[in-house]
Amino acid sequence: MMEQAAKTYKANRPRLNLSDYDIIVVGGGHAGVEAALAVVRMGRSAAIVTMDAGKLALMSCNPAIGGIGKSQLVKEIDALGGLMAQAIDATGIQFRRLNLSRGPAVWSTRAQADRIAYTDYIAEFCSRQKNLDVIEALGGEILTENDRVAGIRTEKGKIISSRAVVVATGTFLGGLIHIGAKKTKAGRMGEPAAYKLSDSLRSLGFELGRLKTGTPPRLNGETIDWSRCEVQLGEVPIPFFSHSSPGREFDQTPCHLTCTSSRTKEIISENFHRSPIFSGQIKSTGPRYCPSIEDKFYRFADKPRHQIFLEPEGNGTNEIYPNGFATGLPEEVQKAAIRTVIGLEEVELTKLGYAIEYDYCPAYQVGPSLETRRLRGLFFAGQINGTSGYEEAGAQGLMAGINAVLYINKEEPFVLDRSEAYTGVMIDDLVTRSTTEPYRMFTSRAEYRLALREDNARDRLFGHAVRLGLINKESFDRFYRLQAETQKEIALLDETRVRISDLQEIKHRFKKRGTITLADLLKQPGIGVREILPLLAAHNGRFSNDREILERAAIRIRYQGYIDKQEREIEKFRKSEAESVPDSFDYRSLTGLKREAKEKFTRFRPRSLGQAGRIEGVTPGDVAVLSVHLRKYKALRS
Amino acid sequence: MCRKNRSSDDDTIVAIITPPGEGGIAAVRLAGRHSRYYLKKFFVHTRESVPLKPFVMHYGSFVSAAGETIDEITAVYMPKGKSYTGLEQVEVFCHGGRQIVRLILQELVNAGARPAEPGEFTRLAFLNGNIDLAKAEAVAEIIAADTEHSYQASREHLLGAYSRHIEQLREDLVNVAAEVEAGIDFGEEEIELAPGIKLKQMIDHLIDRVKELADSYRGGRIIREGFKVVIGGRANAGKSSLFNLLLRQERALVNPFPGTTRDYLSEWIDLEGFAVNLIDTAGLRTGGGTVEKAGRAHAHRLIRDSDLLVWMIDLSRKNYRVNLQKDLPALPKCPILLVGNKIDLLLKNRKQFKINIEGVMPLSCTTGRGIGLLKKELVRRIEANMPDITSGLVVTSLRHKQKLHMALRNLKQARTKVAYSESLELAAFDLRQAISALDEITGRIYTEEVLGKIFSRFCVGK
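From first to last, the protein sequence lines are chains A and B. Just so we're aligned, residue 1 is where the first sequence starts under the working numbering, counting upward by one. Just so we're aligned, residue 639 is where the second sequence starts under the working numbering, counting upward by one.
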């Protein structure tokens, strides 16, 4: 653990108003940190209120950042000036890209983190921010004044005033840990949960629900028989996340892969009844995509074994995270079961796994800016909105922070749409659907997936970032040059022809003889930059030496046809997004609308006609009726 | 909606819902929140103080604002949520005849009811979720259905067998897409994905099913537009005579495409329940010899698009065999029925009456001899081409056919890509496009354009 004394960083900033801070962020996790940093980046003052200033952006569960669908979020955070990508680039111990056997639209970077180094990096970065204080306290109550947020009261009763508040409390909000039949009120093992805050939200009229998640036990690496596990190495050259990453040379730490044995299945099956999930002790739903080990054996009874990834928690520790072994079983069952996993026969546990239940606010209660509808100036980000994952939290934190500043500045909120960013897809999903399980990003959630890629996060978002003052000029100029060079390269690839007979392994794919442009070659399945590099060598000096530029060009060539095809759809989508619905629209008085539809609209309060159509259970007919009323309403207004 | 849209929930719309012209009974429908109010305003019950009960026929008279009794009527009231449109609805039945029903409509409009726009009742039914888009289109078809067979196909659509079939296709398509999506989002995990070859098979199967449905459009088109019979032959072979003979003998149908001017004659008849579109190419030279090229090209286009070519042979001409040998190979590919005309002339000279060409149906347009057999043969040919309408799986709308073809194209593109793991995201793209194409048939994806098109096809009051 970090040897950092609890500190309060005092900023010397001019007091513009009577509030202590412009914005208070309750919670110092991945969402909270991005929110606070966005606020100071935009020139406002912020305070992070957290229980332990030494645990900012701590990875409570998996010591990794990124993954399929999530890495795209990290790149978007990066393009909007956020810190997550830089922090993992500086402290990651193994990097690789997943899905490389698939097309580049779904390539996804994932890095193992040194979780202590990561949180130290974040804490150090925060301490250098002039307008940012980190206050060690437990948020207890949201204070209001004239129907607007006015600050918070800590559990110990201290009042801190502000003009906006971002709540990013993660699993701490009403957190309850389950290990077998044992229940402990906590937000993380050994750390108190925030119960008063739940009460405060409830008394403000918010509806709270319960969600469940879980984490595996941690293992002592010295007691693992590594020879029985398969090694997984990092990728070289190292695929860093951030566009501004300085890059660094280091030996990547390997991960390992093993699997459960038949004995594991027996032990876990015998103890189903002792798991809080099956005993009825936990009623809330956990994520289907990240089930506990008992859930896996229960739901997929045919499957004899399951994979377990052994991931190091850092370089300075022997602690190992057995990815795939989350459990809420009692201590002795956990111990017995994990020792049946191949290579873990003698393993010692450093921490127990547990299931945790926590409060969340079903996200119909926030708008697309993440501001709550009930209380102006109050924003929610991360698990409180029903999501799961550091990346999902970080992206929301960033958006909530930006929008909190825009709210104070009395400016239009910043909303990304589904055709612009995974972040936009996520928030739109949250505000149009009920949560049935913790929400995790997947690439399949994005209907414009081919256009939302890691490689073009900056192309998509830098315009916004510049406008909002989230990135510096230097970054933008560098990107501008990159874009120009990409265009140049695309043109070159488009006009350069090669002889098909010169293509070694792939010439059999072509029926015709003669020549083909490099661009057309790149549209072939399985042909990428690596495959054409030898061909480029023949044109010495004409093509860029910069691999990133070549990759960017090749990917754009591959998808151009598809993206053009989708342009028309996006056009149509944007049109219906532009048909705005006033937030105060009274659906109950609308005739011709089914009661069910009225309830849905009233609950989710769509921002636009397009969004209205995406609300679960809403039929095209409902939208048509709404559109008629809307037109009438607007005609009356004008 | 593309038209100026005056519809609003406060309006009560009204229209005559029976066809124009003489008839036993004519009906007027009111839909909207004040329907009952309008009825009460004009309706005088035979027995006073009888309350208006839902779904009960009330007998009385329709009395104008000026106090004159216009007609004896029956009226029925349907409460909101329980009518076709989903709104409060009233239907008034008066005696047939143009004048009476128009007076009633006029009274109601004068009192404030708004004349319904074309298709508005059905649009309301769709908007209120009573019917889906495919059903809404089917309503339009039923109304337009002239023959028993087209009525049956539309009814199957309306009953939803068709929608269900599309939904089933969609679901299977979504299942394949889900496999592909899983390969993208969980490709790094230990899940059992269908291998590329299996996916290919699944897509092949879907391609077959979508193709089958799309192909049923031909049958669907026959149901909608009639079985298209082109009458061709050399000059003076008796094309127009046959055309006119059939028209005289059979019930003529209303041209489903009014207002189209053509340089050929085209009429619709009801042949034992089948709509037959007869086309006389008399104005267009179809024979060999001294034909104008443009005329022949035109005739050939008609023949290509037809379901049957009736080729008239003038048996009274000595060289008809030679002519036939010349003409037939030059004709576009198409089912052909050979008809030997003018047997009346041959019968005068019995020795000459021998047709040595197989399958030629003897006929005399002058005496009518052989026409019965010809009609039977026509019906036989039509029946052979008729799709199985009882299954309800016939595409009758061009819009649907286009969407199915779009889905087909996307599926074919996806098919080649699923085999390569590095093209999975592209296959997923194609599959999504295919799903959206199907969604546009049932209206799950709502676009203003689609709705505008569908509803603009309706006539007032239907």
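No lab work stands behind these hints, which were simulated from the structure alone. Errors might be hidden in some of the hints.
To be verified - Examples of chain A residues toward chain B, derived with CB under 10 Å: (1) Gly234; (2) Pro237; (3) Phe240; (4) Lys565.
Said to hold, decoys possible - Calculated pairs, DSSO-like style, for lysine-lysine (alpha carbon to alpha carbon, straight line, at most 30 Å): (5) A:Lys523 x B:Lys849; (6) B:Lys956 x A:Lys594; (7) A:Lys511 x A:Lys523; (8) A:Lys572 x A:Lys598; (9) A:Lys303 x B:Lys838; (10) B:Lys836 x A:Lys507; (11) A:Lys565 x B:Lys836; (12) A:Lys196 x A:Lys182; (13) B:Lys849 x A:Lys565; (14) A:Lys523 x B:Lys836; (15) B:Lys691 x A:Lys511; (16) A:Lys335 x A:Lys185; (17) A:Lys410 x A:Lys632.
Just so you know, these numbers come straight off a predicted model, no measurement behind them. Glycine included, every Cβ here is placed at the ideal spot set by N, Cα and C.
These are the hints, each one checked on the structure:
Of the supplied interface hints, the one on A:Gly234 is violated, with its beta-carbon coming no nearer than about 15 Å to a beta-carbon of chain B, more than 10 Å. Interface restraint check for A:Pro237: the shortest CB-CB distance to chain B comes to about 20 Å, outside 10 Å, so the restraint is violated. The restraint placing A:Phe240 at the interface with chain B is violated, with a minimum CB-CB distance near 20 Å, outside the 10 Å limit. With a cut of 10 Å, the hint placing A:Lys565 at the interface with chain B holds, because the nearest CB-to-CB distance is about 8 Å.
With a C-alpha separation of about 28 Å, the suggested pairing of A:Lys523 with B:Lys849 holds against the 30 Å cut-off. Our distance criterion of 30 Å between C-alpha atoms is broken by B:Lys956 and A:Lys594, whose separation comes to about 76 Å. Only pairs whose Cα atoms come within 30 Å are accepted, and A:Lys511 paired with A:Lys523 is accepted, the gap being roughly 16 Å. Restraint check for A:Lys572 and A:Lys598: the C-alpha separation of about 25 Å stays at or below 30 Å, so the hint holds.
At most 30 Å may separate the alpha-carbon atoms for a hinted pair to count; A:Lys303 and B:Lys838 meet this at roughly 26 Å. Restraint check: the Cα-Cα separation between B:Lys836 and A:Lys507 comes to about 27 Å, which is no more than 30 Å; the hinted pair holds. A threshold of 30 Å between alpha carbons decides the hint, and for A:Lys565 with B:Lys836 the separation of about 28 Å falls inside it, so the pair holds. Taking the CA atoms of A:Lys196 and A:Lys182, the gap is about 22 Å. The hint holds against a cut of 30 Å.
A distance of roughly 23 Å separates the Cα atoms of B:Lys849 and A:Lys565; the hinted pair therefore holds under the 30 Å criterion. About 24 Å separates the Cα atoms of A:Lys523 and B:Lys836, which keeps this hinted pair within 30 Å; it holds. A hinted pair counts as satisfied when its Cα atoms are at most 30 Å apart, and B:Lys691 with A:Lys511 does not qualify at roughly 77 Å. The straight-line distance between the Cα atoms of A:Lys335 and A:Lys185 is roughly 23 Å, inside the 30 Å bound, and the hint therefore holds.
Among the hinted pairs, A:Lys410 with A:Lys632 is consistent with the structure: their alpha-carbon atoms are about 29 Å apart, no more than 30 Å.
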